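Sequences and hints are given; from them, build the entire structure.
Chains A and B, in that order, give the protein sequences. First residue of the first sequence: 1, per the working numbering; consecutive thereafter. First residue of the second sequence: 1, per the working numbering; consecutive thereafter.
Hints listed in this document are in silico derivations from the structure and should not be mistaken for laboratory results. Each hint can be trusted.
Result set (DSS-like, lysine-lysine): computed pairs, CA atoms no more than 30 Å apart in a straight line:
# : chain 1 : residue 1 : chain 2 : residue 2
1 : B       : K2        : A       : K41
2 : A       : K41       : A       : K64
3 : B       : K45       : A       : K66
Beta-carbon label-pair distances, calculated as ranges:
#  : chain 1 : residue 1 : chain 2 : residue 2 : range
4  : A       : T31       : B       : P14       : 44 to 52 Å
5  : A       : H85       : B       : P10       : 26 to 34 Å
6  : B       : P8        : A       : S5        : 25 to 33 Å
7  : A       : L68       : B       : R41       : 23 to 31 Å
8  : A       : P86       : B       : R1        : 25 to 33 Å
9  : B       : D39       : A       : P8        : 15 to 23 Å
10 : A       : G53       : B       : Q31       : 23 to 31 Å
11 : B       : E56       : A       : S9        : 33 to 41 Å
From a predicted model like this one, the values you see are computed outputs, not experimental measurements. Just so it is clear, CB atoms sit at the ideal spot from N, CA and C, and this is done for glycine as well.
The residues making up each chain are set out below.
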Amino acid sequence: GAVVSQHPSRVICKSGTSVKIECRSLDFQATTMFWYRQFPKQSLMLMATSNEGSKATYEQGVEKDKFLINHASLTLSTLTVTSAHPEDSSFYICSAGVAGGRDTGELFFGEGSRLTVL
Amino acid sequence: RKEVEQDPGPFNVPEGATVAFNCTYSNSASQSFFWYRQDCRKEPKLLMSVYSSGNEDGRFTAQLNRASQYISLLIRDSKLSDSATYLCVVVTGTASKLTFGTGTRLQVTL
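Put into structure tokens, the structure is as follows:
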């Protein structure tokens with residue numbers, strides 16, 4: 001089946017630094033990828049929709065200047081958390097769907113990246 | 001009111017038991033519904049879609065009640081390996097608008 005790979009799986013950084021997370025679709029092309037954030041014991045919250053070759057669409061309340069998204073190719077989207085602070089510590093997950101998939105909910109998720117900001 | 005609500009549990013059941021989860025959604029225009037499974041500290045994985053006519057996949061049965069705006073998941077003959085968090089997912093509007101419930105945690109014991 002379709003596979004989405006995310007890297008790094010864990011990252012610990014100091015407050016004020018920037019962290020880049022990569023999301024790759026390994027055996028299919030994804031014109032659209034999605035970035036979610038999940039705090040402990042909470043649901044996945046959509047942060048933004050990453051569109052290949054164009055600007056990302058951010059959900060209300062998500063700062064686009066803080067969470068930079070680049071979708072430069074059909075198989076790679078990156079999320080950069082700029083000037084990270086402890087409150088940004090969370091589980092970040094990307095997902096992508098297969099174009100033409102029968103069910104719009106058939107998203108394949110990356111393994112997730114656990115960010116800890118000290 | 002949350003868009004998608006689930007009982008967080010945990011549901012502690014013995015092996016072999018039958019357990020059911022419900023999920024309610026607030027937007028009557030929602031058009032697609034899914035159950036995802038998420039293991040601790042792992043990514044969610046699609047368990048099954050939910051159709052108006054109800055659907056079954058082995059020990060798992062999903063049902064949709066549009067009038068009451070809820071979906072359900074029934075697990076029969078629970079296995080230890082079923083222990084996980086089950087996320088209710090509702091799609092409304094464009095394909096990108098997947099809304100996840102907070103999940104219901106299931107713990108199957110010996």
